[in-house]
Amino acid sequence: MTHKTNNSNSGNIVNNQQLTVTPLFTAFNALLLRDLRVYFRYRGTWLNPLVFVLMVITLFTLGIGPDPSALSQYASGIIWVVALLGIMLSLDALFRADYDDGSLEQLLLSPQPIYLAVLAKVFAHWFITGLPIVLASPLFSLMLGIPKEVIPVLAFGLLLGTGILSFIGAIGASLTVSLRSGGLLIALLTLPLYVPAIIFGSQFVQSAIEGWPLMPTLSMLLGLLIGAIVLAPIAIIGGLRLSQDV
Amino acid sequence: MSSATSNILTQAHNSGSEASLELDSVSCERGERMLVNVLSLTLSGGQGIRIEGPNGSGKTTLLRVLAGLSQQYSGRVSWCGQDIRSARAALAADTLYIGHLAGVKALLSPLENLSWWLSLHISTAEPITVDKMLTALNRVGLKRFAHTPCHQLSAGQQRRIALARLYLSEHRLWILDEPFTAIDASGVTELEQCIAGHLAQGRMAIVTTHQAMNIAGFSSCSLHSSTPVIEADE
Amino acid sequence: MASWQWFHRLGSPKWLSGTIDRWLPWVLSLGTLLLLVSAVWGLAFTPPDYKQGNSFRIIYIHVPTAVVALAAYYVMAIAGAVSIIWRMKVADMVLRAIAPVGAALTFLALVTGAIWGKPTWGAYWIWQDARLTSMLLLFFLYLGIMALHDAYQNSASGNRAAAIMSLVGTVNIPIIYKSVDWWSSLHQPATLKFTEESTIATEMLQPLMLAIPGAYLFFIAAVMLQLRVQIARNEKNTQWMAERAAR
Numbered sequence: 654m655t656h657k658t659n660n661s662n663s664g665n666i667v668n669n670q671q672l673t674v675t676p677l678f679t680a681f682n683a684l685l686l687r688d689l690r691v692y693f694r695y696r697g698t699w700l701n702p703l704v705f706v707l708m709v710i711t712l713f714t715l716g717i718g719p720d721p722s723a724l725s726q727y728a729s730g731i732i733w734v735v736a737l738l739g740i741m742l743s744l745d746a747l748f749r750a751d752y753d754d755g756s757l758e759q760l761l762l763s764p765q766p767i768y769l770a771v772l773a774k775v776f777a778h779w780f781i782t783g784l785p786i787v788l789a790s791p792l793f794s795l796m797l798g799i800p801k802e803v804i805p806v807l808a809f810g811l812l813l814g815t816g817i818l819s820f821i822g823a824i825g826a827s828l829t830v831s832l833r834s835g836g837l838l839i840a841l842l843t844l845p846l847y848v849p850a851i852i853f854g855s856q857f858v859q860s861a862i863e864g865w866p867l868m869p870t871l872s873m874l875l876g877l878l879i880g881a882i883v884l885a886p887i888a889i890i891g892g893l894r895l896s897q898d899v
Numbered sequence: 002m003s004s005a006t007s008n009i010l011t012q013a014h015n016s017g018s019e020a021s022l023e024l025d026s027v028s029c030e031r032g033e034r035m036l037v038n039v040l041s042l043t044l045s046g047g048q049g050i051r052i053e054g055p056n057g058s059g060k061t062t063l064l065r066v067l068a069g070l071s072q073q074y075s076g077r078v079s080w081c082g083q084d085i086r087s088a089r090a091a092l093a094a095d096t097l098y099i100g101h102l103a104g105v106k107a108l109l110s111p112l113e114n115l116s117w118w119l120s121l122h123i124s125t126a127e128p129i130t131v132d133k134m135l136t137a138l139n140r141v142g143l144k145r146f147a148h149t150p151c152h153q154l155s156a157g158q159q160r161r162i163a164l165a166r167l168y169l170s171e172h173r174l175w176i177l178d179e180p181f182t183a184i185d186a187s188g189v190t191e192l193e194q195c196i197a198g199h200l201a202q203g204r205m206a207i208v209t210t211h212q213a214m215n216i217a218g219f220s221s222c223s224l225h226s227s228t229p230v231i232e233a234d235e
Numbered sequence: 745m746a747s748w749q750w751f752h753r754l755g756s757p758k759w760l761s762g763t764i765d766r767w768l769p770w771v772l773s774l775g776t777l778l779l780l781v782s783a784v785w786g787l788a789f790t791p792p793d794y795k796q797g798n799s800f801r802i803i804y805i806h807v808p809t810a811v812v813a814l815a816a817y818y819v820m821a822i823a824g825a826v827s828i829i830w831r832m833k834v835a836d837m838v839l840r841a842i843a844p845v846g847a848a849l850t851f852l853a854l855v856t857g858a859i860w861g862k863p864t865w866g867a868y869w870i871w872q873d874a875r876l877t878s879m880l881l882l883f884f885l886y887l888g889i890m891a892l893h894d895a896y897q898n899s900a901s902g903n904r905a906a907a908i909m910s911l912v913g914t915v916n917i918p919i920i921y922k923s924v925d926w927w928s929s930l931h932q933p934a935t936l937k938f939t940e941e942s943t944i945a946t947e948m949l950q951p952l953m954l955a956i957p958g959a960y961l962f963f964i965a966a967v968m969l970q971l972r973v974q975i976a977r978n979e980k981n982t983q984w985m986a987e988r989a990a991r
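Residue numbers (this note's numbering), protein chains in the order written: chain A, 654 to 899; chain B, 2 to 235; chain C, 745 to 991.
Hints are not guaranteed to be accurate.
Unchecked claim - For each label pair, taking beta carbons as the anchor points, the in silico distance ranges come out as: (1) A/K801 with B/K133: 53 to 63 angstroms; (2) B/S116 with C/N981: 46 to 56 angstroms; (3) B/S28 with A/L875: 47 to 57 angstroms; (4) C/V973 with A/P721: 52 to 62 angstroms.
Stated by the list, open to error - Rough simulated footprint, nothing fancy, chain B against chain A, three-plus residues with beta-carbon under 8 angstroms: (5) 709 to 718; (6) 890 to 898.
To be verified - Far from chain A, by Cβ distances over 10 angstroms, these chain C residues were calculated: (7) V771; (8) R801; (9) L814; (10) L852; (11) I859; (12) S901; (13) K922; (14) P957; (15) E979; (16) M985; (17) A989.
Treat the hints as calculated values from the structure; they're not laboratory data. Here the structure is a predicted model, which means the values were calculated and not measured. Built from N, CA and C at the ideal position, the CB exists for glycine as well.
Sequences are here, hints too, so could you generate the full structure?
Structure, rendered in structure tokens:
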């Protein structure tokens with residue numbers, strides 16, 4: 654942080670210094686680390702979504718039947734829908750805690766670009782909800798009879814897909830943060846927006862299983878992710894600001 | 002705003018006569034009720050204003066509008082001559098707002114909370130060190146608990162963490178909503194001195210409080226009646 | 745300048761109310777007339793399709809409602825954009841007015857689509873029809889907007905949330921449609937070639953040419969009716985409203 658004195662001609666200047674804002678990257682880091690620190694101090698935040706996903710996959714297995722060919726037919730669809738549910742159910746908590754304790758106010762009052770803060774928050778949320786799902790995907794493949802060669806494709810697809818789901822879902826979360834019960838409304842708002850991600854994500858894995866070319870679906874997933882990262886924060890900022898109007 | 006490479010937002014930080022907050026026919030409506038009705042006032046360096054009124058009269062709403070948190074108002078608010086609707090960043094850089102919520106995360110310690118808040122704001126030329134943060138915590142009587150997770154502290158103590166920011170702040174405008182709640186008599190005196198010192202540097206403060214406040218340089222604005230009444234103190 | 749004057753006049757609820765009063769009877773009657781004529785013409789006087797027999801006639805209701813349902817969302821999104829950029833109360837009212845009308849139209853399109861589906865595909869619903877599936881998602885998008893309006897006690901906040909959501913939805917509609925379209929083409933069913941508009945005989949097309957504008961007009965009339973309610977609700981404390989009620 655630099656210190657320079659400046660001369661100026663206006664009025665009664667007592668103490669004229671140049672102030673610096675904390676550099677952007679440091680601010681992003683600070684926001685990210687603080688959110689991660691908060692998340693990790695309570696094991697439930699990252700453990701619960703993961704356990705939920707595991708349980709639902711188990712339920713699907715029990716419901717469909719133990720026949721491995723039947724399971725593997727639906728495997729990619731099941732994994733994607735369950736990942737979607739896991740992320741969606743944890744979206745409510747994304748901004749609510751900050752809204753309730755006043756941190757959100759302080760964030761919105763910061764001279765730092767709020768775009769940055771939103772990126773940090775959503776990324777931190779993805780880190781504890783989406784990333785565990787990606788890391789556990791080999792386990793899901795085993796449970797659902799997905800061939801071993803497909804596992805890397807599944808993991809990579811989930812990496813991109815959970816990112817898309819986190820960013821798009823954050824829009825719904827931001828628009829409902831000041832409401833008392835956001836959960837179901839978030840689902841109603843977000844599910845139509847999730848459809849492209851599910852379609853391409855599931856097809857990505859299915860293509861790998863069937864041996865079809867991967868590039869078409871992969872490029873769609875990448876496009877969706879980039880679009881989500883760049884555009885979603887604009888809507889999210891709008892939603893966060895409106896939560897303060899109440 | 003900030004340039005891509007150097008990320009330095011420079012502001013000539015002078016406590017001169019340029020800094021001012023102007024309200025021009027500001028009205029706030031909540032549902033059907035007119036909470037603040039056509040309020041006009043100007044606040045310049047060294048001045049403070051105390052907003053009074055019974056509960057629900059719109060004090061908090063007004064303060065949130067002035068801090069730039071709420072956009073539901075009509076009329077014009079200008080900070081240093083610029084409408085805050087368009088020059089939001091300038092207002093944010095210069096304002097410290099402490100509302101009803103402490104803005105403190107229960108799972109973090111006071112020190113961690115302060116350092117997070119600091120990373121959000123303009124820092125002065127001399128970097129804020131841990132020592133400075135501890136000194137600030139000491140001024141609000143929390144030095145012993147600097148590393149305790151906040152969920153182990155009482156609500157009043159968590160509120161004092163927010164007040165500790167005042168001792169680390171170089172902001173020109175302080176907007177404080179009921180800052181004297183949950184602190185004892187010595188804390189009140191301490192805080193009054195802090196605010197007085199802030200005004201003495203040529204900066205500004207807007208405060209709401211139910212209690213008697215003993216600081217020179219404050220005029221009062223009452224939101225009792227439908228048209229706000231502004232009187233200068235002494 | 746004259747052009748901006750027009751725009752700002754549009755933002756006045758009083759002017760809008762007056763305009764609605766003047767135009768509603770015309771719009772409503774013309775719209776109803778067109779719909780009736782096209783319905784009778786289509787239902788009774790056009791030759792039956794050689795493949796689908798008489799069941800294709802449902803397109804005289806299905807296609808107009810589907811077209812207007814989609815267009816309505818875009819109009820709603822424009823209102824949302826105007827509301828956010830220029831903070832116009834009227835834009836918020838228009839948004840609130842269109843949402844239920846659009847939802848009803850989408851629902852009608854879905855039902856008529858299903859009615860058409862039964863004799864054509866043998867089932868009331870098949871997922872492979874990209875348009876029908878996209879229409880279902882459009883229905884959910886409308887419901888989401890309406891739910892946002894309802895969830896907020898503070899109507900100004902609800903308006904803003906709905907405006908943001910309408911823009912988000914608009915950006916997504918083409919993406920959703922393209923993805924569903926691609927998904928439905930993955931498994932080419934043998935007999936599912938619907939009567940494409942380009943292969944429709946001219947005699948069958950003509951009533952449609954009346955039905956679609958008729959549907960648009962009807963939609964505008966319905967929105968006007970809703971708008972009257974919104975204006976009345978928002979402006980009930982103003983003087984001009986009281987005078988109007990006294991008349």
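Status of the hints after comparison with the structure:
1. Our hint of 53 to 63 angstroms for A/K801 and B/K133 holds, since their Cβ atoms are close to 56 angstroms apart.
2. Between B/S116 and C/N981, the C-beta spacing of about 49 angstroms keeps the proposed range 46 to 56 angstroms intact.
3. Range check, B/S28 to A/L875: Cβ separation about 49 angstroms, and the 47 to 57 angstroms hint holds.
4. Our hint of 52 to 62 angstroms for C/V973 and A/P721 holds, since their Cβ atoms are close to 59 angstroms apart.
5. With a threshold of 8 angstroms between beta carbons, the proposed coverage of the region 709 to 718 of chain A by chain B is violated, since 0 of its residues qualify and at least three are required.
6. Remark: the region 890 to 898 of chain A is confirmed as covered by chain B, as 3 of its residues place a Cβ nearer than 8 angstroms to a Cβ of that chain, reaching the required three.
7. With a minimum CB-CB distance of about 31 angstroms to chain A, C/V771 clears the 10 angstroms threshold, and the non-interface call stands.
8. With a minimum CB-CB distance of about 31 angstroms to chain A, C/R801 clears the 10 angstroms threshold, and the non-interface call stands.
9. At roughly 14 angstroms, the least C-beta separation between C/L814 and chain A is larger than 10 angstroms, which holds for a residue marked as non-interface.
10. The Cβ of C/L852 lies farther than 10 angstroms from every Cβ of chain A, with a closest approach of about 19 angstroms, so its non-interface assignment holds.
11. Listed as a non-interface residue, C/I859 keeps its Cβ farther than 10 angstroms from every Cβ of chain A; the least gap is roughly 24 angstroms.
12. Interface exclusion of C/S901 from chain A breaks down, the closest Cβ pair being 5 angstroms apart, not more than 10 angstroms.
13. At roughly 8 angstroms, the least C-beta separation between C/K922 and chain A is not larger than 10 angstroms, which violates its mark as non-interface.
14. Non-interface call for C/P957 relative to chain A: holds, since the shortest CB-CB distance, roughly 29 angstroms, exceeds 10 angstroms.
15. Once the 10 angstroms rule is applied to beta carbons, C/E979 is consistent with being away from chain A; the minimum gap is 21 angstroms.
16. Distance to chain A confirms C/M985 as a non-interface residue, since its nearest Cβ pair spans about 25 angstroms, more than 10 angstroms.
17. Consistency note on C/A989: stated as away from chain A, and its beta-carbon is indeed over 10 angstroms from all of that chain's, at 31 angstroms minimum.
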